[in-house]
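Fit chain to chain and form the complex, with the hints in mind.
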Amino acid sequence: MEHPLWFSYALWVGIGCLAVALVLVAVRAILGPTVADRVVAADALSTLLMSLIIASSIWLDEVSYLDYVLVLAVLSFVGTVAYAKYLQRGVIIERDVD
Amino acid sequence: MSGTWTDWLVAALLVIGGLFSLVGAIGILRFPDAFNRMHGSGVSATVGLPAIVVAGTIYFSVHHGLTVKLLFFVPFLLWTGAAGTFMLGRAAHQTGPGLAPGTVRDDMESLAGTVKAKE
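Chains A and B supply the protein sequences, listed in that same order. With the first letter of the first sequence counted as 1, position 92 gets the number 92 in the working numbering; the numbers rise by one all the way through. In short: position in the second sequence from 1, add 1000, done, that's the working numbering.
Rather than coming from a laboratory, the hints here were simulated on the basis of the structure. All values derive from a computational prediction rather than experimental measurement. All residues carry an ideal CB built from backbone N, CA and C; glycine is no exception. Wrong hints could be hidden among the right ones.
Said to hold, decoys possible - Pulled from the structure, derived: some chain A residues nowhere near chain B, Cβ distances all over 10 Å:
1. I93
2. E94
3. R95
Unchecked claim - If you want a taste of the chain B side facing chain A, the calculated C-beta under 8 Å gives, among others:
4. G1017
5. I1028
6. G1056
7. H1064
8. L1070
9. L1088
10. A1091
11. V1115
Chain B on its own, in the form it takes in the complex (with noise of 0.2 Å):
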């Protein structure tokens, strides 16, 4: 098998991916509202997608005189993870703040609940 310090490369950031997307996804089962799941959502996103990613770029340009495809993806991610993100957050916060208890602070409360939702 040609190029093996690569292959340990691989193996690192298929790990790192995956445990990171499983970090992410116990943050979204646990936390208390919307807004706090949107960031376990982010950390998925960014930290264990482009992992995985950035290991399959290495691994196909190894194994198959391939490609950086897949690198163009991830800017691509990026900057569509936190476009929505930050219209489904105002749209959530608009039809009704749905905050945890907990919230010690809301800069946006005068537009809190200023749209009624559509269900």
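Just chain A, with the same shape it has in the complex (with noise of 0.2 Å):
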């Protein structure tokens, strides 16, 4: 289907900005000094894919691809958590409960 002009030119700017902030944050990902903030840093990569993903399905006019999202956050949160306790434990699953 195709979208009227100025809807377009809204979709563009859209994807555009999420473009330059996911280019940003690479950035950072990339640079950062300690390990908290390179996940910080991908943390708000999916973050910014999720957005991505779903103007793109906006743009394409296509349903299919909402569902990847669902997956992305799922799997974003999973990956934080996981993370955070091997930082501060030094292992993910803890056989020993105290």
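Here it is in structure tokens:
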């Protein structure tokens, strides 16, 4: 389906902002002096990627991409929690519960 | 094209979400330490992404007869964002505070650096 021209402009402003934001956060993920900086940047990368997937699915007028957003949300949360736990305890799944 | 005022709403929400995500990303790049950067991450996760989710919900509801599936995603996102940031902040503070030089107050100072970081 063809979008009207003004709607395409709004889409390109949104997608362009998200693309620039992805680049900036990727720079922080590469530079980041500590591990926590990199984990924060990776979390923000997945958030921006979810936004970009939804905006792209509006642009392409395609419903089926929306399921990937939910999967990415769950995986990003589990990844952040696992990394925080690894930083703090050295293991992710503890066998002896105290 | 049906429902043209909803398309204006979708366009406005897309631009708002994109701009807030960009502001959060600039914050992540420019803030001085990891705890300030979590604030920048929270901007794009609590304003930018829900705006775009609502835009997608309105667009696909009007044009495809879908769906509130995406709306269930917003409370999940707010919850997991807060929980993940809390756990990561505690872990980062306890493995060595790494605070910016201009920090004036640290209420958890007695716990800072009590855990050795695993590299």
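Going back to the hint list, which numbers does this structure go against?
-> none
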